[in-house]
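J.: With the hints as extra help, turn the sequences into a complete structure.
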Amino acid sequence: MTERSARIIRLILCLVAMLTLWRPHNGKRSGRESAFEGRELRCAISTGKNLRASLKYGLHYEMLQDFADRNCCSVVICEINDSTDYADSLKHGAFDIVAVRTDMDSSAIDGVTYSWSYDGSHAFIMSRKNQNEMRYLNRWLACLAANGELDTMTDMFSVNYDPVKKAAEGVRLRRLSPYDQIIRKYAATLGWDWRLLAALIYQESKFTINNVSPRGAVGLMQVMPSTARRYGFENLLDPEENIKAGTTNIRRIRDKYFNGDFEEADRDCFTLAAYNAGVGRISDCRKLAGHLGRNDRSWEDVRATIPHMRDDELLDTTDVVSHGHFNGSETIAYVDSVMELYDAFCIICPDRH
Numbered sequence: 001m002t003e004r005s006a007r008i009i010r011l012i013l014c015l016v017a018m019l020t021l022w023r024p025h026n027g028k029r030s031g032r033e034s035a036f037e038g039r040e041l042r043c044a045i046s047t048g049k050n051l052r053a054s055l056k057y058g059l060h061y062e063m064l065q066d067f068a069d070r071n072c073c074s075v076v077i078c079e080i081n082d083s084t085d086y087a088d089s090l091k092h093g094a095f096d097i098v099a100v101r102t103d104m105d106s107s108a109i110d111g112v113t114y115s116w117s118y119d120g121s122h123a124f125i126m127s128r129k130n131q132n133e134m135r136y137l138n139r140w141l142a143c144l145a146a147n148g149e150l151d152t153m154t155d156m157f158s159v160n161y162d163p164v165k166k167a168a169e170g171v172r173l174r175r176l177s178p179y180d181q182i183i184r185k186y187a188a189t190l191g192w193d194w195r196l197l198a199a200l201i202y203q204e205s206k207f208t209i210n211n212v213s214p215r216g217a218v219g220l221m222q223v224m225p226s227t228a229r230r231y232g233f234e235n236l237l238d239p240e241e242n243i244k245a246g247t248t249n250i251r252r253i254r255d256k257y258f259n260g261d262f263e264e265a266d267r268d269c270f271t272l273a274a275y276n277a278g279v280g281r282i283s284d285c286r287k288l289a290g291h292l293g294r295n296d297r298s299w300e301d302v303r304a305t306i307p308h309m310r311d312d313e314l315l316d317t318t319d320v321v322s323h324g325h326f327n328g329s330e331t332i333a334y335v336d337s338v339m340e341l342y343d344a345f346c347i348i349c350p351d352r353h
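Just so we're aligned: 273 in the working numbering is position 273 of the sequence shown, and the numbers increase by one with no gaps anywhere.
The reader is advised that the hints may include incorrect statements.
What the hints assert, rightly or not - Calculated pairs, DMTMM-like style, for lysine to aspartate or glutamate (alpha carbon to alpha carbon, straight line, at most 25 Å): (1) K165 - E330; (2) K185 - E241; (3) K185 - E264; (4) K206 - E234; (5) K129 - D85; (6) K185 - D110; (7) K165 - D110; (8) K256 - E313; (9) K166 - E313.
Unchecked claim - Label-pair ranges, simulated between beta-carbon atoms: (10) E264 - N160: 30 to 40 Å; (11) A333 - A168: 18 to 28 Å; (12) H291 - E149: 56 to 66 Å.
Everything labelled a hint here was simulated from the structure, so no lab data went into it. We put the CB at the ideal spot given by N, CA and C, even for glycine.
T.: Below, the structure is given as structure tokens:
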């Protein structure tokens, strides 16, 4: 399809959307801006569990937030699996809107009405009794498509790539993730290069908001709910709230435990290590490094000490370690990986600001 053809199709969609907006009701204009105005909509997303599907989850989350903004309502969004009885949930009002894959068995979701499928494989569904409300939702999708915003949003969530490989290939990108603007904002509160925070987030979640670890850590920065509550945050599915909670925790760790006479690079590595393993574990590693005559403010010296945290005989003969045996190999790999990703992001996106 040529660019000219695409513009014509968008224009047609926009005209259709405008006509739908002013469609008379019982021969008169309804006078209502939206069928959803002032409501709180209960929404659910089911897209699968692989990386591409998780990125689609983030896209649908942003789309639903956009829909709420444009229709003067609010949304409460949760994740559900494919075995959920969507039709029953919609029928009984547990959900108002559900985002699903259109390749699913249609008999499993009988009694619902589909929106226009914006990409041919996903759609929003509502109870069949809400056909009028579905017209509003389709109009919104048509407007997004007509003005190019849908293409922009879809492109933002097509970030399934290997940064290290891309950097080695000399690839240059203007955007690292769908959340660059938020990452820049909160990296500034840390005094970090935003690409370092992007590297941490990629390491934790590959920019997927519905990532949940076996320990229960949630979202982009894999924040524990108990940690979030300590700082007054609740909705860890929300990208900005998750990043704000994560960076608040990072700032506390760095300023409380690694303040003072540290080189900047060492402070960053210690902070990353503590974010991964906990302050207590890294404090033990630093104490043991000092006990062994090494510089406890040098990440390289402490990194070289971490394997000794597996030496039970050594630990039994010292009284400097408070938390016992520590494997530590995962933490070393974590810091190495984040810094490698940071180097890759600096090559891929040279714009520090």
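J.: If a hint holds in the structure, say so; if it does not, say that too.
T.: Results of checking the hints against the structure:
1. A distance of roughly 22 Å separates the Cα atoms of K165 and E330; the hinted pair therefore holds under the 25 Å criterion.
2. Under the criterion of a C-alpha separation no larger than 25 Å, the hint pairing K185 with E241 is consistent with the structure, at around 12 Å.
3. This hinted pair checks out: K185 and E264 have alpha carbons roughly 20 Å apart, not beyond 25 Å.
4. The suggested pairing of K206 with E234 holds, with an alpha-carbon distance near 22 Å, which does not exceed 25 Å.
5. The suggested pairing of K129 with D85 holds, with an alpha-carbon distance near 17 Å, which does not exceed 25 Å.
6. Distance restraint check for K185 and D110: the Cα-Cα separation of roughly 44 Å exceeds the 25 Å cut-off, and the hinted pair is therefore not satisfied.
7. A threshold of 25 Å between alpha carbons decides the hint, and for K165 with D110 the separation of about 45 Å lies outside it, so the pair is violated.
8. Between K256 and E313 the CA atoms are separated by roughly 31 Å; this puts the pair beyond 25 Å, and the hint is violated.
9. For the proposed pair K166 and E313, the alpha carbon gap of about 45 Å is over 25 Å, so the pair is violated.
10. At about 32 Å, the beta-carbon gap between E264 and N160 stays in the expected band of 30 to 40 Å.
11. Our hint of 18 to 28 Å for A333 and A168 holds, since their Cβ atoms are close to 20 Å apart.
12. Taking 56 to 66 Å as the suggested C-beta distance range, the pair H291 and E149 conforms, at roughly 59 Å.
Violation of the numbered hints given earlier is confined to hints 6, 7, 8, 9; the remaining hints are satisfied by the structure.
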